[in-house]
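Input sequences plus hints: build the corresponding full structure.
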Amino acid sequence: MSLAVRFQHIVKEFGPVRVLHGVDFALEPGRVVGLLGENGAGKSTLMKILAGYERPSGGQLVIDGAERRFASARDAEALGIVLIHQEFNLAEHLTIAQNIFLGHERTRGWLLDRAAMRQQASRHLEQVGLDVDPDTRVADLIVAEKQLVEIAKALARNARLLIMDEPTASLSPGETAKLFALMARLKADGVTIVYISHKLDEMEAHTDEVVVLRDGKFVTRAATKDVNRQRMANLMVGRDVSDMFQPKRLVTADAQVALRVAGLTVPGWVQDLDFDVRAGEILGFAGLVGAGRTEAFEGLFGLRPKRADRIEVAGQPVRIRAPRDAMLHGLAYLSEDRKGKGLHLDMTLAQNLTMMTLERDAHPWLDVKGGRAALDAAIADFGIRLRDPQCTARALSGGNQQKLALAKYLRTNPRVIVLDEPTRGVDVGAKRDIYALIHRLAAEGRAVIVISSELIELIGLAHRVAVLRGGRKQAMLGPDQLTEETLIAHATDTHH
Amino acid sequence: MQPTPTTKPLTPAAWPAVARLLTHTKGLGPVIALVLLCVAGALMNPDFATFDNLMNVLTRTAFIGIIAVGMTFVIVSGGIDLSVGSMAALIAGVMIVAMNALATGANAPSALAIVVLGIALALAFGAAFGIAHGFLVTHGRIEPFIVTLGTLGIFRAVLTWLSDGGALTLDFNLSETYGPVYYQSVLGVPIPVWVFALVAVAGAVILNRTPFGQHVQAIGSNEQVARYAAIRVDRVKMLTYLLLGVCVAVATILYVPRLGSATPTTGILWELEAIAAVVVGGTSLKGGAGRIMGTVVGAILLSVIGNLLNLTSIISVYLNAAVQGVVIITVAYLQRGRR
Amino acid sequence: MQPTPTTKPLTPAAWPAVARLLTHTKGLGPVIALVLLCVAGALMNPDFATFDNLMNVLTRTAFIGIIAVGMTFVIVSGGIDLSVGSMAALIAGVMIVAMNALATGANAPSALAIVVLGIALALAFGAAFGIAHGFLVTHGRIEPFIVTLGTLGIFRAVLTWLSDGGALTLDFNLSETYGPVYYQSVLGVPIPVWVFALVAVAGAVILNRTPFGQHVQAIGSNEQVARYAAIRVDRVKMLTYLLLGVCVAVATILYVPRLGSATPTTGILWELEAIAAVVVGGTSLKGGAGRIMGTVVGAILLSVIGNLLNLTSIISVYLNAAVQGVVIITVAYLQRGRR
Amino acid sequence: AEKVTLGVAIPTATHGFTGGIVWWANQAKKELEAANPSLKVIVKTAASTPEQANQVQDLLAVNKMNALVILPLESASLTQPVAQVKNKGVYVTVVDRGLTNPGAQNAYVAGDNTAFGRLPAEYLAKRLNGKGNLVVLRGMPSTIDNERVNAFNAEIKKHPDIKVLDAKYGNWNRDDAFKVMQDYLTRFKQIDAVWAADDDMAIGALKAIEQAKRTDIREVFGGAGAKFAVKKVLDGDKLVQANVSYSPKFIYDAIKMTANARLKGEALPARTIIPSVLITRANAKDFYFPDSPY
Ligand SMILES: Nc1ncnc2c1ncn2[C@@H]1O[C@H](COP(=O)(O)OP(=O)(O)OP(=O)(O)O)[C@@H](O)[C@H]1O
Ligand SMILES: Nc1ncnc2c1ncn2[C@@H]1O[C@H](COP(=O)(O)OP(=O)(O)OP(=O)(O)O)[C@@H](O)[C@H]1O
Ligand SMILES: [Mg+2]
Ligand SMILES: [Mg+2]
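Residue numbers (our numbering), protein chains in the order written: chain A, 1 to 496; chain B, 1 to 339; chain C, 1 to 339; chain D, 1 to 294.
Below, in silico cross-link-like pairs of lysine-lysine (BS3-like), each with a Cα-Cα straight-line distance of 25 Å or less:
1) K286/C / K339/A
2) K40/D / K256/D
3) K88/D / K3/D
4) K163/D / K238/D
5) K286/C / K286/B
6) K286/B / K146/A
If we take Cβ atoms under 10 Å as the criterion, some of the chain D residues that face chain B in the derived model are:
7) T12
8) T18
9) V22
10) N26
11) P141
12) K168
13) F178
14) Y184
15) D200
16) K207
17) Y294
Hints listed in this document are in silico derivations from the structure and should not be mistaken for laboratory results.
Just so it is clear, CB atoms sit at the ideal spot from N, CA and C, and this is done for glycine as well.
Rendered as structure tokens:
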């Protein structure tokens, strides 16, 4: 029942821009294939073509020996090809059950069979380990839960070929583990799986073979057992990527406390959180999804209601009622949701980049030239890969959007910068760039707070890591306590 | 993009139940406002609370209410229709002209047959106008606001031209036959109220219990997602306008026997009333979600305000519109928690 | 210490020029329509192309045009204002009442002083109404459509009450002093046209060349992202309504000397005209992006249609509105490529 | 003779009465142009005051009119614009609603709004024998409506036993009149007569009474002599036994008078008042024009 797929010289152009330059390779049935490539390499585009969401500009798609042209995703689904999108593809106003069956509603006569849909939805939610009422509106879910709904939606389609485009980018370790168990079951049932991720350890552990794309071209394929993480990274980037993390610089004891927070409470999320961070220090925040890390900082920055006993910036007590107060005090918070909160997808890159500093740079009219110059500089400095600097942010690949968002927030020249999941969905090369940037920011004397679900990242970067669980600070771990085991133990309350 | 909710209960066991309760109370804003208004009305004037007055109010709500039910679909799908008032007027005009013409022929059909033909004609025109709107919006890719602003002028101009600027009046004999459609009661309840109830129930079922209704909501919520789910977006949008066109026709079919005439002022500002009913009822103009029952309550609420103002003389007549404005804003304020 | 990198820019020499050209052609839909219409006009009636007629058209466009410039800001930020027509009427009424009252006192100030005071009063009222809208929309969290539908009724009702249902007429002497504001020309161009040009240029500069304008666009494009980018969303929205209120006041200041009176029908349907000008000019009602110059062209286009219909008598008078409807839809169709 | 270009500026046809105005204006144009090759009549309809001001401007700037017949949408608002064209040598005849500055017009032709209000009051007072309850449906808030209602009230005041229960706006519109009348019927158990102040509104009121099957009402008095209302008077309707003339035909008369006078180079009398007359069964046939839309 598995599907065999062959890409024959697939070309894809968006207007004048060619993003796939004739891709040739085959997917053998019944295997788990990891698809690797830098941000913007064309992985998502190729898979959208396979699943019928995009039409190729040239080349053929051969499935089980027959050439196919899909008019829509429905045609691909009829053959059992199902794609879990990298971007959420859910109607926010509808419930989970409605989303899962959107376009495939079960009916009894003319009317919807809501009971059956609810029941089946519950079953699929259970399979992906999401314990939420299927009648919940998707708008009321958090990012990770939406991701699980996306997976449940794919399960409801009875896939023979399942494509997962970075499904774990926003999942915590526990949920990720459940997902891999699910993948193993599907594989045992004979489902072919294409798995896209920038988490190379997952690639190593859960794929049978890897295929590497670079700049819209097929580079190589290899059995997973024959390549290690290092080799995968090098194949993707096309050059040697080693030493992801630089050595940590010492924070001198007399360094000023840049931010001190005491008794921060965000109703419903966080209780009595205390922490401080010094100039030049990198402070990590660890915790499971739902631990309240994001909410803590959204509260701190005036993005949701909060109380705090005391907030000090550089020793001075301050009040923060709105994000602008925070900005004026030299604080910056880069959200984990870069599409919904980080970037104006329909505005140009230069507009996005300069959005927070317009007032500072205006004299009194906008500095349009300066904005363009700043964009050129940011493109070079942050290694943003793009084809047309006049395009809107939507046209950038995910990793490049992240770099642009970082550049945007850094233009405010913050004293304390909070990065929420800064490397989510970012390729290894870019990850390394971002890590180097974080080091540089600290070296410049800024305080950096990194919220991350990737423990390796926290261990490699941070001087100290705060662990949150259920909205409370569970531990503050110093340099000598930073191991994956301790972090997990504190995050899951199995530390005794 | 929907903003993430600001608060959320932490206990996993409790929250679905609470959430469901909230979903149900959320829609109560207009209902509470309506109840308050009715209590106030009954206190101010005992005649307000009589069955006859209630039926009068419901009967006159029927036109706008039926149109508003159709409008709910269009708005939920992310569209809008400004032309409904002139569309109703033009359909009324066409109906009257056609029926009169049929009645004057040498071997004219029976009055009943003519009325039935007239009704069929009205439905056909409503459907055709709806399809035209849908076509311009989907294939022409023109904003619905502009399309229907344009047809608003066109429909009314054609009616004015048909009627030479005066009134088109239904033949007296036909009026006699047709009149009961508006004036008759069944089980004590006037026919327009029955029809209104029927349309409302049908609308609610279609919106919430059929795949089409789901698709309408999905398109309004996120058109891209709907496209990805292989929903025939253009077809569904077209159908929402068609549905609205038919609702306008049904409203007109009830309207014509009331006064038996159409003039260039027929239906003026009905679009604003219908849209206001929809929005007061809790449907967002941004699309994505809506409640037919909210719309029905909204339409009744707006009628009741007018009725109360007529039944009392506390306020200067000049200020009637101000009272309506204040009530509309207040009701919207009461239910603003949602969004 | 400055984290923003200052490395050498990658200068691919060609792209800015090409991009700029593209940006400019995008907006040409309405301009082309306007040119076509003008050519047709000149062919049908040679008097159309005279300087006097041109000035007449521009002068009468000034009211709606100025309001439409303010409306562009509100629409770009994702809002809407249905009340502008009644707001203009009420401001006119208040102005006239106040000026007449000042003129009848025992030791009344000079007519000039009274006119200046009246103008100041109009601006103050416009600003106050705008702030009230902004407040209800931001702090009250009520949909702008509903807020301004409500105030539409309220403003007009208050005017009707002020005027006892009749007309408020400016004192004759004041009219003499104030008249030139509308009827005078400077360098051959009537004052309203100068004011319109000024407002348009100021609007374009504010929207495209100031931080505030960018913030307006950012909020319309995605409010959540704007909030996270430390933009004071409520304040900016408030300012857009304030700006519109002031624009309405400016339009009213030009309107009063023209007709010298305010009645309960003053300004009826101006909101639709202003919104139509904005949308015909290429601004989407969904917000996020808009062009002031498009709005200006849109407003002129709508006036020219009316002017042409007045200049020719090919079509039955009853069908004027139909012609306008057809032209609006056609223009929208011509520029639908965008988005 | 000199070429005459006659501009006619009137309101858009939005209800029966204005519909009649437009029809009669076009009627005059047809007849006059057929009879006089050197005469051109241009009819313009406007929905709002500024639009009408624009039209007056355009008629002069572009159509080069030398005579104007205008039925202003608003007296006060159009005084300035009309004065402007008169100053440029256009002969101006104002119809129905006089300008606030009579210097802005050469001639004035009008119906009698005072009589429009006074005659029904006199008639109803007599019909009710000076005792009873009245309800009133007003038009739209405007100067004309005020004139009529004031005249009506002034006359009714002379009869202390006649009570006006309430007067609400029916907006010269059948639908609104229907609703308001329905609610009057709910509210007042004894109504002796209705002054609907316009024949369109009278239709709405009649339908509401018919629906409520009320028998206390003895008379529904409309106004302006619409053909269907005059027909009812002719036919001896139970509720509609009288009307007051206020025919849109005065626009026809004004256009004809102005055109003929201008063709001969003469002036019109400064004021021509076409009297409003009480229409009863006796004289109804003189006011019945079956071809007019009104
Ligand atoms: N709709 C579009 N219009 C224009 N360009 C596009 C569009 N979609 C994708 N691209 C471009 O195509 C290229 C490939 O994008 P794609 O999303 O396939 O990359 P990816 O390999 O999935 O990257 P990531 O790892 O960041 O998800 C990118 O340069 C992107 O900017
Ligand atoms: N009891 C619960 N029932 C259902 N969902 C829960 C519960 N507790 C927590 N969650 C989900 O976990 C989410 C928290 O994730 P969120 O991202 O907001 O927090 P976080 O600590 O910043 O985690 P991360 O940054 O790793 O995503 C909550 O929004 C919530 O929906
Ligand atoms: Mg991708
Ligand atoms: Mg988080």
